[in-house]
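**Q** What follows is each chain in one-letter form.
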Amino acid sequence: MNISLRDPNVVMKLSRLGSFHQSRLSFLRSFLKEFKDWDYKRDLFELNENGYGTAVFSFKKKDRVYSLICFANELDENERSDRVIATKWDTAFTLFDGVPTKLDIDRLKNEVPKQEIGRLSFKELTLSRANKSVRVFNHVVESLSNGVQPDKELLAKVGYLYRTTAVYGSGKFGLADRFRIKNREEIYGPFRLEMMLVYLVRQFTFDQVNHVAKNRNPKKAVNLDPEICKSLGIGNSTGLGMAPFIVNHPTLLNNWIYAREVSLKKIREIKNVTISESNLFKDCLKKSIKNITSWNTKSEYQIKKIKSLLKDLDQFILFLDSEFDFNQEQPFNKLYEHLEEKCEEECVEYVVSMMMEPYDNIVSPLIKKMSSEEDKYFNIPTERTVFELKTIIENKYSEILKIDFSKKENNLNFWFISKNKEEPRLANRFDENGSDLEQPLAIARDIKKLYEMLSMSKDSSTIAIFLSNNSDLRHVVRRAFIVEKFPYSEIQDNTIGKEIVPIDMLRLKLSFFGALKFDPRSDKWLRICMFQGAPLPEQLKNYDEHWVYN
Amino acid sequence: MKSLSEIDTVSKRSSRAAGYSWGIAEEIGKNIRLLEMFSLPGIKNLNDFLNKKKKIKLENLNLITEDNNMDNSQFCPVIAGVNFLDQIKSLEALSEIKFKNIAYPILFLPFVSRASEVVGKRIFLRLDENDFLLNFNNNIISNFSQKKIIKIAENVSIKILANEDSFNDDEWKELYKLSEETFVEENESLKQSGAGAGLTDND
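Chain order of the listed sequences is U and Z.
Mapped onto the numbering used here, the consecutive letters of the first sequence carry residue numbers 1 to 550.
Mapped onto the numbering used here, the consecutive letters of the second sequence carry residue numbers 1001 to 1203.
Source of the hints: derived by calculation from the structure; they are not laboratory data.
The structure displayed is predicted, hence computed values, not measured ones.
There's no promise every hint is true.
As the list claims (entries may be wrong) - Here are the simulated DSS-like pairs of lysine-lysine, each with C-alpha atoms no more than 25 Å apart in a straight line: (1) Lys1002(Z) / Lys172(U); (2) Lys376(U) / Lys1121(Z); (3) Lys524(U) / Lys307(U).
Stated by the list, open to error - Some chain U residues judged to face chain Z by a derived CB distance under 8 Å, without partners named: (4) Leu175; (5) Lys376; (6) Asn379; (7) His475; (8) Val477.
Note that the Cβ used here is the ideal one computed from N, Cα and C, for glycine as well.
Could you put the whole structure together from the sequences, leaning on the hints where they help?
**A** Below, the structure written as C-alpha cells:
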C-alpha cells in the first residue's frame, strides 16, 4: 500500500516544527559519516601554560585539506558574555581551505578574534568563537592536575567545556562564497563545514584542558578520560538570528523537510520488517530515554514538553513491548497511526526520528539532496496568469487565508534588523518604533494581501502585468511560485501573531543540525549541546552510527 | 575583498532603504552580485544612483514596447529592467527594442542578461557606444571595460538574437568528415549482432 507524504498544513505548523528532534538526517551525524575515513591530525599546538596561543587541527583526504585554526586569548571575567553584543571571547576559530602558511596564520591572528568586525578572505570557509563554561573548565583542570578524573555528575549536568555563540559561513565577513566550493562532493550536505568546525573545536577543548592541567602540575596530572571526552559536546547559545534564515531559504527548508517526509513515507511503506530492524529501532528508542531524563532546563515551556514526551514515550514503549506485533504488514505505518492517535506532537516527531535508525539505505541517499541551488528558482514565471497564481494560493496556503490580519493579535509583532548588531529581532509593533522598517518575514500576512489583490484583478491577466502595478507584493509572488514546486518550503503559520513562539523556528533548524537538550532561556533564545556522545577523531574510522543513544 | 554574498545583502538592503519594495530590492541584490561577478561596476553605479535618485526626475516604464521614449525625462533603470525581464516572453518576437534615456544603464544590464537565460537566446544590448553580447546569463562579451559610472544612456537598443549557427554548412560537413576518422568499419558478423538485429520490427 502506498502511503502519502504528510500534509504540509500539518507538518509545517510551527508547533510541529518546534517538536522536531535530531535523526540520521541531522547534519552533524551526516558530517561524521562523510568524514570518517579522512585523516585527522593536530598540526600545531602552541599554547602557553595557561592555554593561550594558537592551534591547528586538520582533516585530509588525497589532495584536499581542511584546517581549523584556533586562537585562544586571555579574557577578563567581566568581558565574558554569550550575548551577540559581546566583542571578546575565550577562543576564536576559522576553518581554512587547505594548509595555512605562517603568513596566513599571522594575518588571521589579527582578524579572527575580532569576529564580525574582522575581515576574512576567500581562503577561509567558516568563522566562530566560543566561551568557556568557567565552572566546568576550572573543575576539570583542577581535577586532572591533581591526578583524578572530574566529577561526572557535574559534567553531565552541563555537557560541555565550551559553548559557541555563533558559527558563520557562506560569504559572511569576506568568507568564501558557497559557489566556490559547492561542487565538492564531501560537502553536498548542508552546513557540513560548520559542523566540521564545531567538531574540531570540541577536540581543541579537550586538548586545551589537558594541556593546562599538565602545566599546572606536570608530575601528577592525568589526561581527561576518553570516555568522559566522548560524553562531552560543544554548547551553543542561539538567538533569533536563525529564525529568518528558514524563511529566507524556502527551497532549502523544503529539501530538509522533504528528506524527512520521504524517509518516513518509505519506512511506513515497508511491508515486512526484519527482527534485526525492529530490535534496532526498539533498542535506540529505549536507550535514548537517558537523553531525555538528563535533559536539564529551567524553562517552564520546555519542562512541560519534556514531561509530556516522557509520559507519551513510557506508554508507547509499553504498547510496543506488550501489545504490538512487528509480524504484520507495514508495521511502522501501524505504529505511526497509533502515535498520531495517542501522542502529542513532541512524541510523534521523536519516534519518527527513531524510525529512521535501522534504515541507512533509505536515509543516506536523501542526505545528498538536502542542499539547494536557490538561485535556480529566483526568477518569477511572469507568463503565468492571475488565475493560476490564485489557484496556487488557495491550494497551498488554505490555512493562512483563514487568518484575519485586521485583528491586532494577528498583526502584533514585526521582525527587524537591529542597528547595533545587524541581527534579527522581534518586537511589538504597537509598543516599539521601527515597524516601518519591517523585514519581509510576515509571509502569511503578505500572502493574504496578495490573494486579495489578485481577486481584484482579471483572471486572464499575466503575472507580468499584475506585477507592473503591484511591485510591493513581488517578494510573495516569488514565494507562491516556489511553494507550488516545493510543498514544504513555507511555514504554514503566522510569524507575527501574538501566539508566536520564535524558539520553535530555532528548534526546527537546530534539530536538523543534530542538537540535543534544547534549553530555552526565554522565548527568544536557547542553549543546546552538539556532538555529545560523538566519537573522538581517532575513533572515527570504526564508529557506531547510533552513538547518540549509547 | 567583499564576498558576493555581502554584495547581494548590502545592495538589497540599501535598495529597500532607497524606497524600492522588498521584491524589487531582492532583484537588485542578485543583479549587483551578477555584475560584480562579471567584473562590471555594479556597486559603484548602484551607490551613485541611489545617492542621486531623489534629485533626478525618473519615469517608471511599466509596459515595454518596441519604441520606449519619454521626452525630457529619464527612465528608472530598475523599473524598466524588472519590467523588461517580466515581459520578455511577449517581447521575444520583436526584432529590435529601443529606449531613449535610461538613467544608470549598467543597472539595467543584468535584467537583460537574465532575460537572455529566460528565453534561451543571446541578446545584443547597445548603450550608446558600449556594446554587450549577453550569453544566456553565463557570460558577457563587451567593448566596455572601464570601471566607471555611466549616468545615462541616451540611445539604448536591444536585439534578441535568433539561435543560429555561427558557421556555414560546408564548414560543418568538413569538420564532421574529420570526426568520422575516429569510427571503425564493422564487419558483417558484427552488423548481424547489433541491437535489434535478427528480430522482426513488425511485431
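**Q** Compare the structure with each hint and give your call.
**A** Comparing the hints with the structure gives:
no.	hint	in the structure
1	Lys1002(Z) / Lys172(U)	9 Å, holds
2	Lys376(U) / Lys1121(Z)	18 Å, holds
3	Lys524(U) / Lys307(U)	21 Å, holds
4	Leu175	6 Å, holds
5	Lys376	11 Å, violated
6	Asn379	6 Å, holds
7	His475	4 Å, holds
8	Val477	7 Å, holds
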